[in-house]
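Heads up: the sequence lines are chains A and B, in that order.
Residue numbers for the first sequence follow my numbering, beginning at 15 and rising by one.
Residue numbers for the second sequence follow my numbering, beginning at 113 and rising by one.
Possibly wrong hints are sitting among the right ones.
What the hints assert, rightly or not - DSS-like cross-link-like pairs, simulated, lysine-lysine; straight-line CA separation at most 27 angstroms:
#1 A:K170 with B:K147
#2 A:K45 with A:K87
#3 A:K170 with A:K45
#4 A:K170 with B:K262
#5 B:K242 with A:K66
#6 A:K43 with A:K82
#7 B:K175 with A:K170
#8 A:K170 with B:K143
#9 A:K66 with A:K87
Simulated from the structure, these hints should not be mistaken for laboratory data.
Predicted model, so just to flag it, every value in this text is computed and none were measured.
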Amino acid sequence: MLQGHQTWVFENRPVIISSAAVGGPFESKGKLAKDFDLLHGDLWLGQDSYEKAEKKLLEEACETAIKKAGLKKEDIQIFVSGDLINQIIPSNFAARTLGIPFIGIYGACSSSMEGLALASLMVDSRFAEFVLVGTSSHNAASEKQYRYPTEYGSQKPPTAQWTVTGAGAAIVAQEGEGPRVTCATIGRIVDMGLSDPFNMGAAMAPAAVDTIEAHIRDLDIDPSEYDLIATGDLGKVGHRIQEIY
Amino acid sequence: MSNKKRKKLTPTQQEYQDFASAREPKRPIFKNCLKAFLVGGIICTIGQGLIWFFMTYFDFNEKTAGSPTSSVLIFLSVLFTGLGFYDHIAQWAGAGTAIPVTGFANTIASAAIEHRSEGFVLGVGGNMFKIAGPVIVYGVFSAFVVAIIKVTIEMLGGM
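Pulled out of the complex, with its shape left as it was, chain A reads as follows (with noise of 0.2 angstroms):
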């Protein structure tokens, strides 16, 4: 039900009763290894181009989350995902490999909430018992597609994010143990004008703000009745940024 101007109500809170993450070499030594499902040491994952690689990534998170929740794959209505490359190729390609129902998205940062609040609208109204959503993203591919060769010596300023080498994915279900969603806020593209590539966190902040803002007015609600509010990366400067609105 939609309340305000741009948040969904779910009556039925789905349920997120599954979820996966497959890391690479880079990850494997952070501070969140413990948290990965799998991790790879070689970032070619044995395959011959790294778009493949993260194609294997997502395929892998997703069966890892299907079988976690005790599922088969066959029980799967529909599988939402997106990726960072062009015409999202990962993503299709998974899920040729897993079979079920197919819609691609494409939110680039925003792709793994885009897909949990439609997964979850489906779920909600009951055209979907259950739906795997699923993300990817490589560091080499994305470094490829969005800025210089991976070997090209060019010095990268202090504001420069790095990119994941990474899936993740989830089952979203009408009943069953763990975490539901309540609702979920669609939020407005706001452009400030930030045209660097190696600045990502400062263009991404006014959106979060806004929609975080966008939120609480639809909703009626005081920021402090939440525990914690949690955005995507949006680095160190991002942050920054964000906390002070």
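Since chain A is already given, all that's left is putting chain B on it; use the hints.
Here is chain B on its own, set in the frame of chain A:
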């Protein structure tokens, strides 16, 4: 950001950009210059050493020794790019590795490696000059313009 670019932005956008840039870590310009000077200097010293080497042990004079010297530097730069540590040196050195011939070799080698997975003709062949291409285009073009100016002045009886 240039003033011309700024004028196209709305006042809100300008205000936000000032707000954001006040919260960004600044590029350490002085430190970067110092590092670039140091590394660029070292590369040029190696180059000078190579010139001396080619003049002493081979049949080169001061004018012709430049070619084998840049070949050696280009080879080393491509080798380091291929071995995967050129970009780490360059992140530290900045303009120090970008300005000498090593930077140019790296742009071509890195693009070639990057697009290897797309095949040898359309991948490597088609993308090798992705970054170096503009340098060549405008290098040749500006040389052409300067040459035209020189010829014109000479024809008019100058110089």
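Okay, the hints, checked on the actual structure:
no. : hint               : in the structure
1   : A:K170 with B:K147 : holds, 15 angstroms
2   : A:K45 with A:K87   : violated, 32 angstroms
3   : A:K170 with A:K45  : holds, 23 angstroms
4   : A:K170 with B:K262 : violated, 39 angstroms
5   : B:K242 with A:K66  : holds, 23 angstroms
6   : A:K43 with A:K82   : holds, 25 angstroms
7   : B:K175 with A:K170 : violated, 37 angstroms
8   : A:K170 with B:K143 : holds, 14 angstroms
9   : A:K66 with A:K87   : holds, 21 angstroms
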